Structures are given as structure tokens and as C-alpha cells.
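Peer 1: One letter stands for each residue in the lines below.
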Amino acid sequence: MSEQDQHSQQNENREATKTKESQRMSRRKFLTRSCYAVGGVVLGGLLGYLIPKERAKPATPPAPQKQEANYNEALMFFTQEQYAITQAAVERIFPADDNGPGAKDLGVAFFIDHQLAGDWGFNARDYMQPPFYVGEKTQGYQGRINRREIFYIGLRELQNYSQKKYKKDFPALSPEEQDAVLTAFQNDEVNVTTISASGFFNLLRSSTLEGVYSDPLYGGNKNMQGWAMRDYPGNQMTYTNIIEKDFTVVPPQSLRDHL
Amino acid sequence: MAKKLPKTDVVIIGVGWAGGIIASELTKQGLSVVGLERGKERVTEDYYMAHDELRYALRYDLMQDLSKETITFRGNEKIRALPMRQYGSFLLGEGVGGAGVHWNGQTYRFLPYDFEIRSMTEERYGKDKIPPGMMIQDWGITYDKLEPYFDKFEKMAGISGEVNPLAGKRSNDYPTPPMLHTPSMKMFVEAAKKLNLHPYTVPSANLSESYTNPDGISRAACQYCGYCERFGCEYGAKADPVVTVIPVAKKTGKFEIRTHSYVRRILHSGGKATGVMYTDMTTGEDIEQPADIVVSTGYVFNNTRLMLLSKIGKPYDPATGKGVIGKNYAYQVIKGNAVGFFDDQKFNLFAGAGSLGVCVDDYNGDNFDHSDLKFIHGGNIAHTFTGQRPIQNNPVPEDSPRWGKEFKANSLKYANSVLTIGSQGSSMPFRHHYLDLDPTYKDAFGDPLIRITFDFEEQDRELARYLSDRCGDIMKEMGTDRILKMKELGPYEITTYQSTHNTGGVIMGASPDTSAVNNYMQMWDMENLFVIGASAFPHNSGYNPTGTVGALAYRAAEGIVQYSKKGGLLV
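Listed in order, the protein sequences are those of chains A and B.
Letter 48 of the first sequence, counting from 1, is numbered 48 in this note's numbering, and no numbers are missing.
Letter 470 of the second sequence, counting from 1, is numbered 729 in this note's numbering, and no numbers are missing.
The set of hints was computed from the structure by calculation and includes no laboratory data.
Since this is a predicted model, take the numbers as computed values, not measurements.
Treat the hints with caution; some may be incorrect.
Listed next, the in silico DSSO-like pairs over lysine-lysine satisfying Cα-Cα at most 30 Å (straight line) [unchecked claim]:
#1 Lys633(B) / Lys165(A)
#2 Lys168(A) / Lys287(B)
#3 Lys104(A) / Lys531(B)
#4 Lys287(B) / Lys104(A)
#5 Lys581(B) / Lys222(A)
#6 Lys222(A) / Lys428(B)
#7 Lys428(B) / Lys411(B)
#8 Lys411(B) / Lys245(A)
#9 Lys735(B) / Lys245(A)
#10 Lys581(B) / Lys633(B)
#11 Lys605(B) / Lys222(A)
#12 Lys299(B) / Lys262(B)
#13 Lys452(B) / Lys746(B)
#14 Lys287(B) / Lys453(B)
#15 Lys262(B) / Lys453(B)
#16 Lys453(B) / Lys299(B)
#17 Lys605(B) / Lys137(A)
#18 Lys337(B) / Lys531(B)
#19 Lys664(B) / Lys167(A)
#20 Lys573(B) / Lys164(A)
#21 Lys573(B) / Lys245(A)
#22 Lys137(A) / Lys428(B)
#23 Lys337(B) / Lys299(B)
#24 Lys245(A) / Lys633(B)
#25 Lys411(B) / Lys137(A)
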């Protein structure tokens, strides 16, 4: 991170803290209002819980010192090589441009790694009982292998296809060449056994969007920049004040602001 | 050998909307009720971190665990049914509150036409209007007879709305005023009026203002947070059984909920139910709960499957058209829509509520002339404003790529500039659409899964195209820059989400030859067994089903109380 980047990061942090304070104030105000509205009747909802706990705070907030290391940015499932291929591929699906960062800088490859490491990677809540038959398209996924294995095979096949076609690893290809490889997978022009090339591509695409736009708690959407690009406010307690209004930009908040 | 517990007056299977309503109404009358729920306990405090699209909308946190039980599906009898291994077309609820926790809250009443659909269609258009194989039948009850029960459900849930000029007569206004209108909803209303249609605000179980219901339950107003369908409500503003009927039942001291209790059989002897057998999911123990009255209040698939597994009622046979259990499975024809891209206008699409919207019924039921049309019935057409969460909502114009630089630019450009008008097409039953037990695939206990045989028909394709065009008319009037419309409905597929409005299987009617339950949801073949839910619908209307499920549940509750005193068939 350059000095300039670090500086703007600090400013952002300071801004975020300020926003949080004002949000807390308005949340309390709103809660008071809605309590009055029911004339003292005890409500079954979460109103009591939604008032943030008072925390011991120093009189003046300390100036941010330096960017803390993000210990979440490490690998739970991927090898270094798999991580590099994933990072290169997701960046082509959602590239950096004038609007803002791409999937790489948003931490999407970490997001996918972390997701594959858990329940989702094992298809833990899917029906995975035999017998397995090839079905009609209308009947959905009928394979016997789980998402971990699909990624494992799919990433290797991306590498194989790049080597065959360009004599280079996928991450080393030019962006145009990478697009051509991904398009070949998307259109099932690649001869892959055991998994469907387009099925893998679709999984990669949907995981990329999940990583760009899920709450930052999952490792993607870094600093809520995915949301900021489309003016999505993330986790907000209420929009009653703007629901009747024309488009309004609301600074994003994540679930972390809710603890 | 199952452990046998002491007998209770009533045992209910599944504690969702139907189960909760039965529990509250019966315990108020002094009956002791045991509620068996296969999932876990749920409370509003569970939803403190509810605004999490990945967890709830993509990873289905509130839904049934498919690894233990799913359904199988095939488009017709010639092909092999295969399991729905992952979620797609519809989402099955689980836990206390059932699907009533993660619904949107759009609360309609089916039309007078729905309840007398065969008689009224034949009367207006002649017998030939109904194509061969279409199994529509009257419901054995009229709208007017059911009206007081709709009223009761709406008052309990605090439905916010305004009178629909094209629906059946109401004895009372909605208990709370309609929801607020967004600028785009105002655009829809204006456009619809210009086209001489009759727009009104979607009736909403997300409260427009704080409300205390006749049971003394108070709930706060909806905050338009944009996380409704697939999510639980952290305010209790969305009516759900956990914040409405269940506490009322609990307060009587006569309702016991047992969670993690998976009912596997209804026990019966000599033509009467004697109780149920369930498995305690925490210990694996099989337990017998004897009861005077058994009430099956599960989702469509569970109600039907439990009848088949317990060998109650005559299974439906598509070859002869005889038998009733599994008959008239229907769905919702929901793909007919129009998406408008606005190049220079932005909306607060991130905000919203599950039942925030405006709609018209000019093309629903028999509110329009079908003489020259190749279908019957129709669908509600609505512009809803439910919160466009960013993972699932990335609409781009038709000619735009689905990934890469141009996709990113377009998806960001239109993130707050796309409005949708959707239709909720009705679904007619056909002779070869039905539910039965799968011969191959089993659940975690080794019991057969339920099998769906269903596809869209010419009726559905014509209907979807027609409704899509009507959506387009309104969208055009709203002044969009370009419209993306559904062109062809295509075959029914289980992979993309359409609607959790599955119906039929244990249908109601006037005769035991053509229906499984009477208009009190009482089994013709077993007088102390009641089966409640959208499983009772002989067809599905052009609306969300929950309002009608609620009305049927209140009517059934009245019947069960009567039965507990006098016994015998109620009809």
C-alpha cells in the first residue's frame, strides 16, 4: 500500500467512525419514536436489543496509527497455485475499471477459498444420496462430486487448457487470452471429463458476484467497496424516512456496525 | 418398539401458519394441544444479524436441510424422476413458524370465481372451454361462506391494505392503512389508470403502522429495510406465526411445542386416527403420541407424503383419474413479466418490504373476457418494491454480456434504474400432474421421497405470454427506455427460483369421490384427521396463497372444536 493510499484509508476509517456515531444517534431517536407510537405497549420485536450497548469510550478517539494486518487474508482450502488461478479468473469476470476495484482487490478469491473450506464446499445441505443418473436439464445438478472437487478439477482444467492453447499458465496469460479461455469454458468448447465446463464457469461467475457483494464479514467486498460502486447501503435499520423519496445515497454499513 | 406417551386431545404436525392458527384457536377453547415440529425453536432475537444476503438468500439458512429430505421431479411419466439436490424453483421452510417466517407477506383473498371455477367457467363459456385433461373442480365452499375467516386472518395478522375494486365483497376494511408509496409505485398507479385499469396497494402483512390485534398481540411498524423474503423480521413487523398466534396458544398453558420432532406416520385403526409416531431428532428415539384428533399442518409435500406413507385415503391414479391423495398438484405461472430499464432515472431499489407494491386484477380470474383466448383464469399483475439485494439482482439489457468489463459497467449503471412488473399466473390442474411416492430415492430414515410429475401446458404458455404483454403495456406507459419481456415460457424446470406456491395433493371438495377433505379440512375417510394447508387447493389462483390458507385454517379450527364436542363428519 502506498503512503497516499494509507492516508486515504485513514481518512476513510475516520469518516466511517463518524458515520457510525451519527447512525447510532439516529437509531436511538427512531427507536424512541416507534416506542411512543404504540403507547407504552411492550412489543414482541427486537427493539430492546437494537439499542446499541454503551461502551466505555476514551474522551477523544485515538488517531488511527497504522493499517492493521488483516489476519483473515490467508488460505483455508486453496493451494497457492489454485488461489492464483482463481484470482486471475474472477478479475476477468468482474474487472477493475473507472467505477472502482475489481474482484481481485475486493478479496473475492479469499471469499471463495473460505466458502469452499466450509459446509458449502462439501454440499453439506444438498441431497447427495445415490443413485446418480444423467438427467434432463430441467432436473438440475445431478453430479456426485461436491463444490470443492468441482473447483479442484475446474481450476486444473483452466490450467491445462491454457497450456495446450498458449503454452502458459492461466495467470500468466494476457487479459484477452484469459477471456478467450473463460469463454471456451462458458460455451462448453473445452473437452472436460467428470465435470461440465460451463457448469464450472457458472459456479465461478456466481461465486464471484457473491464475493463482490456479500457482507465483508465473509472476506470479499473489501471495505464495502463492492456496495459503494452501486450505492448499495448494506445493512440499515430503517428506510422509512426515504422510502417515498427520489433516489438517495445512504453511506453503507456492514453487519459489523450492528454488534 | 416406540415409547408411548400419555394421550392428548389434539396433536398437530408442523408448527407454521396452519399449525399456529389451529393451536391458538383450539387452546382458547380449552383443548390440550401438542405441536410437533421437525425443526428448531425460533424467536425474533434470531434475526439480529438478518441483513445478510449470503447467509439467508443464497445459503438458505432458514430452509429445510435437503441432505435429509428433498423431493424428486420429472416433467412427465416417461422420464425418470430425479432428486432436487439443491434449491431452485421453490424453498421449503423448517422450524417453528415454518415458511411463515421467510415469506414476503403479500396477503390476498382468492376470488369468488376460484371457489366455483368449473361451474362459472362452464356457465359463461360452455363446457368446451375446458380442455380435455384439465381437472378444475369447485371447492365445495363459496367465497361468501369463507369471507368471515379471511376477515379473521387479516385482523390477526394486521394486514395493511386498501379495497381491491375487482375482488369479492368484504365485511370490513383492512385493519391497518396501506403501505407507503415509492415514486415508482406512483408511476405504476398513474400508468394503470391511463390504461383504464384498477390499481390498488398490495395487501401487506408487513405492518404499515404499529398494531394490536384482537388477541392483544402488539407489533411494531415495518421499517422498509429491504430484507423480507427468505429472511426473518427483526422487528416482528412482518406477521409470522412466532409473533402472532403461537404466543397466544402458549399463554393458555395448554400448548406444548416439541421441536426436533419429526413425524413419520399417522397411526390409525378401524378407520380412525389414534395418534402419530415421530422420531426425536436429538436422540433418534421413536415416540408414539396418542391423540383424540390429529391435524396435519405441514407444507403441501409433507401433508401429501404423510397420507401416502401412513396409507390413509385412496392414492390418485393418473391412468384412471380415480383416487384422491396426490391429485391436482399445481404451481404458479410466474415468468410472464416485463423489465424496464430507465437510462436517466434512479430509484431507492435497495429499500423496500416483502409486500410493498401496487397491482391490478383486471387480468386475474374471470375479470376479463376469455372468449377469444386459449386459456382460462389469469393472474395478478404487480410492481413490487421488495429490496433489490446486490448478489441476486444484476439485471442487464438483453444484448449485454453476462460477465466482464461491459457486464460490470451495465450492472452498476442499472443497479438502481430497473423496475419490474411481474405477473402471478394461476395454475390449473391436469390429469397427469400429481404427487406420489418415489420408487427409488429415500429420506434420511429410509422412507420414500415425494415425487412431483409436472410440466407447463398450452394453457400456461398462452397465459404467461398474455400476462407478459399486459405487464409490457403498463411498463411502456411508465416511460421506460427499453423493455425486456418474457417471450416463451419454456418447460417447467426446477433450477431457477420461481415461487414457493405449490398446491394440491390433499384437496378439498364437495364429494369423497373427487376430493380428500371436506370444507372443514376433515378427511372424508377418517373423521378425526384434519389436513390443512395449500394442499387443500384444487387449483392455484393468480395470487399468493397464504391469505387463503389462513382462512381455511380458521374455518378448520371451528370445525375441529365442533368435532371435539359432537364427533362425526361435519359436512
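Peer 1: Now tell me, hint by hint, if it's right for this structure.
Peer 2: Checked hints:
no. : hint                  : result
1   : Lys633(B) / Lys165(A) : violated (53 Å)
2   : Lys168(A) / Lys287(B) : violated (74 Å)
3   : Lys104(A) / Lys531(B) : violated (64 Å)
4   : Lys287(B) / Lys104(A) : violated (59 Å)
5   : Lys581(B) / Lys222(A) : violated (60 Å)
6   : Lys222(A) / Lys428(B) : violated (54 Å)
7   : Lys428(B) / Lys411(B) : holds (15 Å)
8   : Lys411(B) / Lys245(A) : violated (34 Å)
9   : Lys735(B) / Lys245(A) : holds (22 Å)
10  : Lys581(B) / Lys633(B) : holds (27 Å)
11  : Lys605(B) / Lys222(A) : holds (25 Å)
12  : Lys299(B) / Lys262(B) : holds (22 Å)
13  : Lys452(B) / Lys746(B) : holds (26 Å)
14  : Lys287(B) / Lys453(B) : violated (50 Å)
15  : Lys262(B) / Lys453(B) : violated (67 Å)
16  : Lys453(B) / Lys299(B) : violated (50 Å)
17  : Lys605(B) / Lys137(A) : violated (37 Å)
18  : Lys337(B) / Lys531(B) : violated (37 Å)
19  : Lys664(B) / Lys167(A) : holds (26 Å)
20  : Lys573(B) / Lys164(A) : violated (62 Å)
21  : Lys573(B) / Lys245(A) : violated (57 Å)
22  : Lys137(A) / Lys428(B) : violated (45 Å)
23  : Lys337(B) / Lys299(B) : violated (39 Å)
24  : Lys245(A) / Lys633(B) : violated (42 Å)
25  : Lys411(B) / Lys137(A) : violated (44 Å)
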